[in-house]
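Visitor: In case you want the letters, here they are:
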Amino acid sequence: EAGVAQSPRYKIIEKRQSVAFWCNPISGHATLYWYQQILGQGPKLLIQFQNNGVVDDSQLPKDRFSAERLKGVDSTLKIQPAKLEDSAVYLCASSLGLNTQYFGPGTRLTVL
Amino acid sequence: GQQVMQIPQYQHVQEGEDFTTYCNSSTTLSNIQWYKQRPGGHPVFLIQLVKSGEVKKQKRLTFQFGEAKKNSSLHITATQTTDVGTYFCAAFSGGYNKLIFGAGTRLAVHP
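If you're matching them up, the sequences are chains A and B in order.
The first sequence runs 1 to 112 under our numbering.
The second sequence runs 113 to 223 under our numbering.
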């Protein structure tokens, strides 16, 4: 069974630029999560989708971050404009309902 | 909101020594999960504990959930270099499977 796929794996941008990350969850997993993991910290949930609907985005900085999951499968997370403090690994995870979360390899973002 | 505190932040052991990391919450937890993240890797699910006082074993790893369901521990017996990584506990907060992660304990094992 294929795991969670993410791209790109690495991205370097300058502050105030825009960036987008893509995630393809495990086939059949209705729930998709985006996490931000700053170096030395645990993952922090940014947004959670159930199919194509948002069930939690309480920690998403909505002035600059947006995410969508059209058709309830793939998802994109966008940052516009990026700030220095957005430098982190962005992890996508998926689960089959309310169950074990499977993480993708992540996208390491560096904002200069 | 829900928070889980992990100690220690960092542990450095010689290969063959034991290792324990602790996870604490001020509120009662419905359940707790443990993840391992290798250097440069992503979190990988290890186990979930649900019942008060529950103890589960996976080879050299022993997981415990406190009687009051406010704390948990992960103990590794006779560490090996393959145990290197950061161990996170995570607890559910509210509905919809929302996980709150601890800051993690980074384990270094020296041969």
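Honestly, the hints are just simulated from the structure, not real lab data.
In this text the structure is predicted, and so the values were computed from the model without any measurement.
The beta-carbon is built from N, C-alpha and C at its ideal position, and this holds for glycine as well.
Mixed in with the good hints, there may be bad ones.
[Claimed, not checked] Mimicking SDA-like on lysine to any residue, the simulated pairs with C-alpha atoms at most 20 Å apart in a straight line are:
| hint | chain 1 | residue 1 | chain 2 | residue 2 |
| --- | --- | --- | --- | --- |
| 1 | B | K210 | B | Q115 |
| 2 | B | K210 | A | V54 |
| 3 | A | K11 | A | D56 |
| 4 | A | K44 | B | P223 |
| 5 | B | K210 | A | L84 |
| 6 | A | K44 | B | S164 |
| 7 | A | K44 | B | M117 |
| 8 | A | K44 | B | K168 |
| 9 | A | K44 | A | F65 |
| 10 | B | K210 | A | P61 |
| 11 | B | K210 | A | P81 |
| 12 | B | K210 | B | G152 |
| 13 | B | K163 | A | N99 |
| 14 | B | K169 | B | V196 |
| 15 | A | K11 | A | V54 |
| 16 | A | K44 | B | R218 |
| 17 | B | K210 | A | K11 |
| 18 | A | K44 | B | K169 |
| 19 | B | K210 | A | Y10 |
| 20 | A | K11 | A | Q50 |
| 21 | A | K11 | A | P81 |
| 22 | B | K168 | A | N99 |
| 23 | A | K44 | A | L84 |
| 24 | B | K148 | B | H187 |
[Claimed, not checked] If you want the footprint, here are the derived chain A segments under chain B, 3+ residues with CB under 8 Å:
| hint | region |
| --- | --- |
| 25 | 15–23 |
| 26 | 78–87 |
Visitor: The structure should be examined with respect to each hint, and the outcome stated for every one.
Guide: Cross-check of the supplied hints:
1. B:K210 to B:Q115: 12 Å, holds
2. B:K210 to A:V54: 12 Å, holds
3. A:K11 to A:D56: With a Cα-Cα distance of about 26 Å, the restraint between K11 (chain A) and D56 (chain A) is violated, given a limit of 20 Å.
4. A:K44 to B:P223: 33 Å, violated
5. B:K210 to A:L84: 27 Å, violated
6. A:K44 to B:S164: Violated, because 26 Å separates the two Cα atoms, which is more than 20 Å.
7. A:K44 to B:M117: 14 Å, holds
8. A:K44 to B:K168: This hinted pair is violated, its Cα atoms lying about 26 Å apart.
9. A:K44 to A:F65: Satisfied, since the Cα-Cα distance of roughly 14 Å is no more than 20 Å.
10. B:K210 to A:P61: Holds: K210 (chain B) and P61 (chain A) sit about 17 Å apart, inside 20 Å.
11. B:K210 to A:P81: 27 Å, violated
12. B:K210 to B:G152: 24 Å, violated
13. B:K163 to A:N99: 16 Å, holds
14. B:K169 to B:V196: Roughly 19 Å separates the two Cα atoms, so the pair holds.
15. A:K11 to A:V54: 26 Å, violated
16. A:K44 to B:R218: 17 Å, holds
17. B:K210 to A:K11: Given that 20 Å is the threshold and the Cα spacing comes to 27 Å, the pair is violated.
18. A:K44 to B:K169: 28 Å, violated
19. B:K210 to A:Y10: 26 Å, violated
20. A:K11 to A:Q50: Judged against 20 Å, a Cα distance of about 27 Å means the pair is violated.
21. A:K11 to A:P81: 14 Å, holds
22. B:K168 to A:N99: Between K168 (chain B) and N99 (chain A) the Cα gap is close to 18 Å, so the pair holds against 20 Å.
23. A:K44 to A:L84: The given pair, whose Cα atoms are some 17 Å apart, holds under the 20 Å limit.
24. B:K148 to B:H187: Holds - the C-alpha atoms of H187 (chain B) and K148 (chain B) are around 13 Å apart, at most 20 Å.
25. 15–23: violated (count 0)
26. 78–87: With 0 residues closer than 8 Å to chain B, the region 78–87 of chain A misses the three-residue bar; violated.
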